[in-house]
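Asker: Position chain B with the ligand relative to chain A; hints supplied.
Sequence lines, in order, name chains A and B.
Note that the working numbering gives residue 449 to position 449 of the first sequence, counting from 1, and the numbers run on in steps of one.
Offset between the second sequence (1-based) and the working numbering: plus 1000.
Since the hints were made in silico from the structure, they are not lab data.
Backbone N, C-alpha and C fix where the C-beta goes; we use that ideal spot for every residue, glycine too.
Watch out, some of these pointers could steer you wrong.
What the simulated footprint calls covered on chain B by chain A, stretch by stretch (three residues with Cβ under 8 Å from a Cβ of chain A suffice, anywhere in the stretch; the number is not a length) [claimed, not checked]:
1) 1038-1052
2) 1083-1093
3) 1282-1296
For reference, the chains in residue letters:
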Amino acid sequence: MSIYDMTINELQQALTNKTFTSYELTKKYLERIAEIDPIIHAYITITADAALAAAKASDERRANGQLLSDLDGIPMALKDIFCTDGILTTCASKILANFVPPYNATCWQRLADAGAVLLGKCNLDEFAMGSSTENSAFFATRNPFDIERTPGGSSGGSAAAVSADLAAYTLGTDTGGSVRQPAHYCGVVGIKPTYGLISRFGIIPYASSLDQAGVFAKSVYDCATVLEVVSGHDERDSTSTPYPIGDYRGACRRDVKGMKIGMPNEFFEEGIDPRTIEIVNKAAEKFAAAGAEIIEVSLPHTKYALPAYYILACAEASSNLARYDGVRYGVRVDKPSLEEIFCATRSAGFGDEVKRRILLGTYALSSGYYDAYYNKTLQVRTLIKEDYDRVFASGIDCLLTPVTPGPAFKLGEMLDDPLTMYMTDICTVPINIAGLASLVVPFADIEGLPVGVQLIGAPFSEEKLFTAASAVEVPRRLPPDILEQAAEKGVER
Amino acid sequence: MTEFQTVVGLEFHAELKTNTKIFCSCPTTFAGEPNTHVCPVCLGLPGVLPVLNKRAVELAMKAGLALNCQISPFSKFDRKNYFYPDLPKAYQVTQYPLPICKSGYITVPDADGNEKKIRINRIHLEEDAGKLVHSGESISTSNYSLPDYNRAAVPLIEIVSEPDMASADEAKAFGDKLKLILEYAGVSDVKMEQGSLRCDVNISLMPKGSDKLGTKVEIKNLNSFRAMYRAIQFEEDRQRRMIEKGEKLIQETRTWDEGSGRTLSMRSKENDHDYRYFPEPDLVPTVITPEWIEAVRSELPELPDTREQRLKEECGLSDYDCAQIVDTPALAFFFDEVAKLFPDTKIIANWLLGDVSRLMNSAEKEYEQVPIVAEDLVYLLDQAKSGAINNNSAKTVLEEMFTSGKMPAEIISERGFAQISDSAMLEDAVKAVIEANEKAAEDFRTGKQQAMGFLMGQIMKATKGQANPNLVKELLAKMLK
Ligand SMILES: [Zn+2]
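Chain A extracted, bound-state conformation (with noise of 0.2 Å):
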């Protein structure tokens, strides 16, 4: 077995058993990184030195017998919208293309404290709007699947260093799907955890309400192991619930005998690839022989949710971004006057898809529309909780779905047509809209490309995801060698 291939727990047993060192491990890791990225593109900083001085003192803690937690000297990598202090946190973004904060994002902080050996920060789409990856001001990352096709996004970077063995573990955010939808698309798990589970502080926020961390991971296991470090109530974040921290690696042990897993219509219908639908089912068939119950529901406001996300979304996202004026830091046009400094600020420092969703929030907040717009969406929310409510209270553990209509899209095929791409994300904005714990792990493929399966359950139900994603999980696939792509694709590092 290739280093790169162990899962956490088999790393902390080969680091127990003195197989090799965390300096080593980490250092290997760097080597691959130089030798894949370039190709790949899944890293905007690479922090080697940090990282080596990190895994160092890890090896020494191991030999002291004093190991912070089973990811102690473990490398991973985060997202580039995780506030990490001293290292540059750019959001994909020019206007904070020189950002260095002076704090660490909650989760991180938590990491560190427990021993993780942070690789680097891992590309997104431009705070985290979009669902390719091409969207961040630097580059598009690649698939390693097919490195002709998008990673998925906005985490597609974290998704893509975990399917690349880039790193062990990852951390990404999802606020509509953007840990989800690149987990499946890169044959990773990933878990968006319920709203409130993981502190937000010192996460760069695209949209406050809907905005939540994720995990990327190579088990559903080693999702479980790392969620447990970063999940808990923080002080700095008032929404951040102070429920308690699941035991999400006993959970994976946990039988699914006896369980009850909805499949609601609404997310089977038209628009939806046959062949995922397909493989959907094939993954209700593996449940059903393990002894769970497989039952029909409905959510009939489903179909709501892909115009609620966007009015909700990009309204916080307008009062979000609007902070970014050139005054205090990130980078700033200088310009005669303060009006022509906000404007040119902004006009060089924004993408296209940012300045869309800022101009489409803009306009649903603005007085005179507010009440059509955003006051409705609040009402389509609250309709559309009220169906998950009614479904996981009639007694259903957890509900069975598609990730996306189908598998990865080629880079470039859908940067012209912004409403396709946002079609996208039709079966995981729910989840977001209605706070809701959704898990993707991978199942199948089609034509190659990874195929994940969604399971979704009531907040605070992440136990009974690991449970039923322990039960369907499928020993995992490898990429191509990214090598062997590059050439024959004609791709140049």
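Answerer: Below, chain B with the ligand alone, put in the same frame as chain A:
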């Protein structure tokens, strides 16, 4: 000719007296080098989140209770979006549809001296902005301006009255009363000159007897109640003339120009910002239980109206004395302290409003800075009352307490002010005076009362004025029997 009715509504911003800012733990201290009381949260750096200061909520509740408002069991914050360099997040966190307090009132005297209820529509909590420091005299004459965020996110309450005031006098009375109540409640420093209390005016005219409000004008940049008073009078006049000339008033914001004593147009309603208010997703709603309200209510001190009533009824003070005391909270609190230790409130009032106030005035000090403690003043009053020192000496002692900070007992002994109340010591002096003034003594014996005065005078002279006059009288009567 139509007679017009003035309609005035007021909006006050008061900085709350918390130690820390509304969403972070930076100090709220007024002084300080620019940008020294700041952190990532109040600078609005990417990714940071606000955490509501509980004390700010309690002070807003206190203000609400003191102003007879209903405290909302459920309130929430909203974002008011606009771009300006002094606003770090490019939105102000405030409260829009669900403020923390609603429907209050205070009473002020109207033109006929009757009590008039002025309703308060709402009180909401919000954060202050920073300020721009201009390189030149003003923004228009400056080459550049630099933002100072020390004041950014200092907690504020905005108090919005109903348009219930009919004149500049009523508005002034409302302002004075409101300021006094907030000061008593310990909610705010209410210093207009430092900006911890700010005021905007909404004013319109309508034909007397009408119930249809005229076109409203908002006046900003009022730095004192005097400015507010003058601005209302100016605006009443300006609007009346325009209506009489048949000109159309426009709904606009005007600014008060202190120099010319006029209001000037700033921007019309059409050019007003669209603030795009929407719920602040980074904060959870504020839930206030009845128990919490009662706990905060129990912190409230006695407020001006009840206090004035009590001083009249319990202490028997005149209306004038009561008003004098109540109008200066620090004086009123000092009065209470002294009254706890000294029973005669009339004497206290005389001293506090007389000599103490005179000394404070001549030192050009506010009552908060009174340099003596209640215990020392009570000691002095006790000495004077018991006759241990005479009244004139007591005044001199008080003066020296102010200047030197010494304890009264020390001053009395240093100056030798203590009256001789020891009859054994006085007997010799009385005897000597009787012997030296045989004629007067004889006159006294035969009942000539004037002789008493003369003998007393001689004894006082001999004892350098320190003899206790009552005791001397007693001794004379005994010895000349
Ligand atoms: Zn601060």
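Asker: Each hint should be assessed against the structure and marked as holding or not.
Answerer: Each hint, compared with the structure:
no.: 1; hint: 1038-1052; verdict: holds (count 11)
no.: 2; hint: 1083-1093; verdict: holds (count 6)
no.: 3; hint: 1282-1296; verdict: holds (count 3)
Hint violations for this structure: none, all hints satisfied.
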